[in-house]
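K.L.:
From first to last, the protein sequence lines are chains A and B. Residue numbers for the first sequence follow the numbering used here, beginning at 1 and rising by one. Residue numbers for the second sequence follow the numbering used here, beginning at 1001 and rising by one.
Derived by calculation from the structure, the hints in this document are not laboratory data. Some hints could be false.
[What the hints assert, rightly or not] When the alpha-carbon atoms are kept at most 30 Å apart in a straight line, the in silico BS3-like pairs for lysine-lysine are as follows:
1. K1209(B) to K149(A)
2. K149(A) to K1194(B)
3. K65(A) to K1194(B)
4. K1238(B) to K1209(B)
5. K93(A) to K1238(B)
6. K65(A) to K1238(B)
7. K94(A) to K1238(B)
8. K1363(B) to K1122(B)
9. K1194(B) to K59(A)
10. K1238(B) to K149(A)
11. K1238(B) to K78(A)
12. K1172(B) to K1448(B)
13. K97(A) to K1172(B)
14. K65(A) to K94(A)
15. K1172(B) to K59(A)
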Amino acid sequence: MKASLKWAMMLLIAVALAACSSKSDDKNTTSVVGGDQATSAGVGSNPDFDDSMDARMAKILGIEKNTVYFDFDRDVIKADYVPLLQTNADYLKKHPKARILIAGNADPRGSREYNIGLGQRRADVVRQRLSMMGVAANQMRTVSYGSEKPAVSGNDDYAYSQDRRGDITYDNAG
Amino acid sequence: MRKYAPNKFRSLTVAARCLALMLFFCKPALAALDIEITRGVVRTIPIAIAPFDVSNPNGPNDMARIIANDLNHSGQFQVMPQNRLPQQPHDADAISSDLWKTLGLDDLVIGRAVPTGSGQTKVDMTLLDLFHSTQSTPTILMQRSYTVANSQTRALAHHISDVIYEKLTGEKGVFSTRLAYVTVQPMPNNPRHKLYSLMVADVDGHNAKPLLTSTQPIMSPDWSPDGGSIAYVSFETKLPQIFTSDVATGRRRLISSFAGINGAPAFSPDGRSLAVALSMGRTNPNIYTIDLGSGRLTQLTNDAAINTEPSWAPDGQSLLFTSDRGGAPQIYRIDLGSLQAQRITYIGAYNASAAYLPGSSTKISLLHRDDRGFNIAIYDLQSGTMQTLTQGGSIESPSPAPNGRMIVYSTNVGGRRMLGMVSSNGQVNIRLPEVSGDAQAPAWSPYKG
């Protein structure tokens, strides 16, 4: 209850900020010769609710990015990411109506369909760990995007390390 | 079929010939297509194509240009640059044999494209033998006449290329076939988000049109054997589903939407079923077939490894697939009668994306990893040898042409994915015209039905 109120407040603030920015930044006034005047204004872009949801959830959970990274060709959760999963588990247990999608990803090398298999293993490892932490099965869905949604562009080891990941997104904050 | 004796044109050094070819393709009108001879000497047929268009003989859309492009593309012809032709004849009796004899050409194509005024173009084409001709006039090998809508002259040029190719090599050409592939572009007003399109284009990259556009990934297009529909994976609901789309009408049909992975659709040779990879709510995908008439599902593999990328044998009695049941991805073959699976590849720690090379029952094309990275290779089932065809190292999604001569793939060029083609003997490598954004997951169509 408290969280959803906090949430609505944040949404209001976000909308207000968006409105302000479209007034101050996107407006463009042009003077033309002979006293005539033409005024053009940007209409702003549509707010991106998906991402603002991620951003809001990250804020609520007190984490920067709701992502678990994996080593090359591995689907083992490193100790560094256990606290992040525990934070999600605590929230999900407190909010039984909350629903998450766990998306497993692979780096772009090799076969796309085989990478779908690798991504699914990573997504399921995250699901299993959250399940061990007490999260109900019906709160979690998994999907593998394989190498179809690279996190960053580039073909070096850093880019690959960013691609091998499990992303947790909230479909419903509960 | 003919035999090719050495002649002057062929005796030019390889370097000079490559340079000539490169200069030819550096011309702005053809800059989009980038052909490189990657290794060795190619046994090519020296040929010239005189302009067809009487009024504008050097225009970029002249049918002769399109035919020249096609034949060069195949890697089996060496087309003489137009500016080196001693004459630009439209009729056989206008040819001065003395002017052509010394050029070292085997064949000459002449033609005439004339608008009839009613939105149609009349096209005449003559294929002449210069090399075997003993008389003062060249021997006519073939003559064809067509009347087509003006909008169809490009398609007709591809058809003429097919006819010439078949006459001179004895094999069917693939110049009238098409490619399906996926493009990925940043959304104009929100570059963090992507737009995925399933495209269909002529095999030379022209006439690209979207069959489906989505804000979520599209994967693994595969053509039905009659070329009438394409199966693919779409994540438009955020979760993967397999659809087929009718190529002519765009009409879609949902085929598979089970829990978990729905991937890697492959039409059977009779077009009646799809082999797919399904995880059925578990972690690892297994191979199934779906009967497109009855919807009946048959499970072929059943283990806790990744089993994916089914690809049918030409007789429809067995399938190749990729599995990591042995610890790393390798190619296996499963017999549909006994459901016995047998490992096929042992060379290299990573083999995937296998397909029988059309026209051969013993060769398969695949994605092979070695110390140079991921490349296209041909594995010979009989001799057990692996021949790597490309050198790029970040290559994927091989798909062979219906005549087995070329393999289209996706490669990384300067951080972007582009389509390329390599001949199945490894001697010719072609980069297809650029698209905006990334181009990936190509699938070569069957012959036009």
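K.L.:
Tell me the numbers of any earlier hints that the structure contravenes, in ascending order.
P.N.:
8, 13, 15
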